[in-house]
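Peer 1: If you number the sequence shown the way our numbering does, the last residue is 435 and the count never jumps.
Don't read these hints as lab results, they were simulated from the structure. Nothing false has been slipped in among the hints.
Under the rule of at most 25 Å between Cα atoms (straight-line distance), these lysine-lysine pairs were calculated in the BS3-like manner:
hint, residue 1, residue 2
1, 268, 252
2, 397, 269
3, 330, 382
4, 382, 239
5, 354, 227
6, 195, 149
7, 434, 176
8, 419, 431
Label-pair restraints from in silico Cβ distances:
hint, residue 1, residue 2, range
9, 120, 242, 44 to 52 Å
10, 161, 242, 38 to 46 Å
11, 230, 286, 36 to 44 Å
12, 291, 241, 39 to 47 Å
We put the beta carbon where it would ideally sit given N, CA and C, even for glycine.
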Amino acid sequence: MKVMIVQPIHENGVKMLLNAGFQVIQASSPEPSVVAKEIVDCDGVIVRTAPFTAEIIRNAPRLKVIARHGVGVDNVDIEEASKHGIYVVNTPNANALSVAEATIAFILALAKRLKQMDSATRKGDFKIRDQFSTMDVDGKTLGIIGLGRIGSLVAKKCQAAFSMKVLAFDPYIDAHKARELNVELVPLEQLLRESDFVTIHVPLTPQTRFMIREDQLKLMKPTAYIINMARGPIWDELAVLKAVEEGWIAGAATDVFIQEPPRDDHPFFKCEKILLTPHNSALTKECVIRMAEGAAQGVIEVLTGRKPSFPVNLDLLKKYGKI
Numbered sequence: 113m114k115v116m117i118v119q120p121i122h123e124n125g126v127k128m129l130l131n132a133g134f135q136v137i138q139a140s141s142p143e144p145s146v147v148a149k150e151i152v153d154c155d156g157v158i159v160r161t162a163p164f165t166a167e168i169i170r171n172a173p174r175l176k177v178i179a180r181h182g183v184g185v186d187n188v189d190i191e192e193a194s195k196h197g198i199y200v201v202n203t204p205n206a207n208a209l210s211v212a213e214a215t216i217a218f219i220l221a222l223a224k225r226l227k228q229m230d231s232a233t234r235k236g237d238f239k240i241r242d243q244f245s246t247m248d249v250d251g252k253t254l255g256i257i258g259l260g261r262i263g264s265l266v267a268k269k270c271q272a273a274f275s276m277k278v279l280a281f282d283p284y285i286d287a288h289k290a291r292e293l294n295v296e297l298v299p300l301e302q303l304l305r306e307s308d309f310v311t312i313h314v315p316l317t318p319q320t321r322f323m324i325r326e327d328q329l330k331l332m333k334p335t336a337y338i339i340n341m342a343r344g345p346i347w348d349e350l351a352v353l354k355a356v357e358e359g360w361i362a363g364a365a366t367d368v369f370i371q372e373p374p375r376d377d378h379p380f381f382k383c384e385k386i387l388l389t390p391h392n393s394a395l396t397k398e399c400v401i402r403m404a405e406g407a408a409q410g411v412i413e414v415l416t417g418r419k420p421s422f423p424v425n426l427d428l429l430k431k432y433g434k435i
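Full structure from sequences and hints, please.
Peer 2: As structure tokens, then:
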């Protein structure tokens, strides 16, 4: 059997596939039109962030499993895959630690104004130490939108390290789990009003798309910060820029963009109060190994006739009578 890797992954994942007896090919380009031509005789595929479209799926009659190298599957046409009886699997345990650490790094960088302080110091402006106040994180209120693996880990670490009070908005989490985490479940509006830091960790769905707009940002404290570690379209980027520039909030940070990579003239680039990283929070050297191995394991499970550990489309497969 043959497995395609759309974008390069760590060699550990490739070795797992080879040791399982599979032929492994690397797509010559992640462009959907190219992948659609080269995937015709493949039984499995590992995809990172490249679009995996209905056209590709319809061109792969032997395909049995699509493994997402990561957690979010918004780049995969899950509906089309399910119609064809193809498992879509992901690696939900691989990146939680890395993204949680990056979230906390953003919290600290915003609170201490590290970007502004570093820039001014390099220019010889030592007087900045008296011109801008920074803040302590200890004892502040953290609002977490999405209390899944990443959000839960952020809560635990911020409570342990900084004694933060944690509020959360997540309609899919029950009160028992929240109590175990010492987290108070609240409506989104209350979370935005009361939090000093708001972090976003939700999947991109029709319900979460642009869930943070001007109306939501206007609820926040002028001293508060908001951090997007999920997907770019979770918030309205222009509304976030307006909120920061007009002082509705103190600042923001994001690891994700509506368009990736962002345009050279992206409006965030001109605002020093918005911290940016290139969607790399899960690309630590340890995490890329975990994701590669997890994705390879998902492929191996399906192609050897076992139930996959982390399927994301069971309900749709049942809906279409495929399992």
